[in-house]
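When you line the sequence shown up against numbering that gives the first Met the number 0, it's residues 0 to 293, in that order.
It should be emphasised that the hints constitute simulated quantities derived from the structure, not laboratory data. Cβ atoms here follow ideal geometry from the backbone N, Cα and C, with glycine treated the same way. Be careful, since some hints might not be right.
Now the in silico label distances, taken between C-beta atoms and shown as ranges [unchecked claim]: (1) D202 x L4: 38 to 48 Å; (2) V114 x L203: 38 to 48 Å; (3) L276 x S55: 39 to 49 Å.
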Amino acid sequence: MPRHLANLLLLSAGAIWGAGFVAQSTAMDNLGPYLFIGLRFLVASVVLAPFAWLESRRAVHPVAPAHLGGFALAGLALFSGMALQQVGLTITTVTNSGFLTGLYVVFVPFITLMVMRQRLHPVIWPATLMTFVGIWMLAGGSLADLNAGDVLTIGCAVMWAIQVILVGRFVGPSGRPLTLSFVQFSLAGVLGLGLGLTVEGFDLAAVIATLPEILFTGVIATGLAFTLQVIGQRYTTAPQAAIFLSTESLFAALFGAVILSEQIPALGYAGGLLIFLAILLAELGPVLRPRPAA
Numbered sequence: 000m001p002r003h004l005a006n007l008l009l010l011s012a013g014a015i016w017g018a019g020f021v022a023q024s025t026a027m028d029n030l031g032p033y034l035f036i037g038l039r040f041l042v043a044s045v046v047l048a049p050f051a052w053l054e055s056r057r058a059v060h061p062v063a064p065a066h067l068g069g070f071a072l073a074g075l076a077l078f079s080g081m082a083l084q085q086v087g088l089t090i091t092t093v094t095n096s097g098f099l100t101g102l103y104v105v106f107v108p109f110i111t112l113m114v115m116r117q118r119l120h121p122v123i124w125p126a127t128l129m130t131f132v133g134i135w136m137l138a139g140g141s142l143a144d145l146n147a148g149d150v151l152t153i154g155c156a157v158m159w160a161i162q163v164i165l166v167g168r169f170v171g172p173s174g175r176p177l178t179l180s181f182v183q184f185s186l187a188g189v190l191g192l193g194l195g196l197t198v199e200g201f202d203l204a205a206v207i208a209t210l211p212e213i214l215f216t217g218v219i220a221t222g223l224a225f226t227l228q229v230i231g232q233r234y235t236t237a238p239q240a241a242i243f244l245s246t247e248s249l250f251a252a253l254f255g256a257v258i259l260s261e262q263i264p265a266l267g268y269a270g271g272l273l274i275f276l277a278i279l280l281a282e283l284g285p286v287l288r289p290r291p292a293a
């Protein structure tokens, strides 16, 4: 797949996740966060199961145990990030959650460099900085009133960064993007349902009332968007993927304004433009100025 098409898939995933913030927020009117996570990932697993099965049937070799372990680690990071984000959404706003979740665009290149010892194209650093500043502007240029939900969402961003790096690490060597997604979703679903049923209980009427949010986040924001992420990351680096995926903060603010009447400050529009310019830099920079061979 050409790199520009892979980046388009990642951008599409970011847009879908942005819309998913609204559904995640309204779902908390009826369901506890853990049960909601379990149900959305259960739906995603069911939807993806036949596609993962077909991928397995067509594969020449079975999945290596080491790759399955990596898939499970990605699923654990996915559940941890989603749980922190979902609980945080019960306290903070959709716009704040979108902004703080987008901090993983900063964490990914640093973890990649410091922990995985991978050299990055020089253009990634200014693009990352531009994205972070753009997200900060989108939130109004202020971090003065952080609450507990915001702190949880920062923890979510760390888990998100780890998930993005793990996907990038294992999807290429395994050649099994749909299997990776299925393992992620299944593990997150089991953990969410187990924790939700233990600490929140089960109310059928509440589940039925939240069915539109469960189906949208399960089929579209999880099954489709996370699979687009996994496929796209086969053909680009984790830091560059993080820049494109971070557009979810921009789309979260837009959907929060349109659907939930949350206000976008004037500075936010300039921040959206800066994010767009960072995407162009990340997309065109490596093409116009390839990194010299080591």
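Comparing the hints with the structure gives:
1. D202 x L4: 38 to 48 Å: holds (44 Å)
2. V114 x L203: 38 to 48 Å: holds (44 Å)
3. L276 x S55: 39 to 49 Å: The hint (39 to 49 Å, Cβ to Cβ) holds, given that L276 and S55 are roughly 41 Å apart.
The structure fails none of the hints (numbered hints given earlier).
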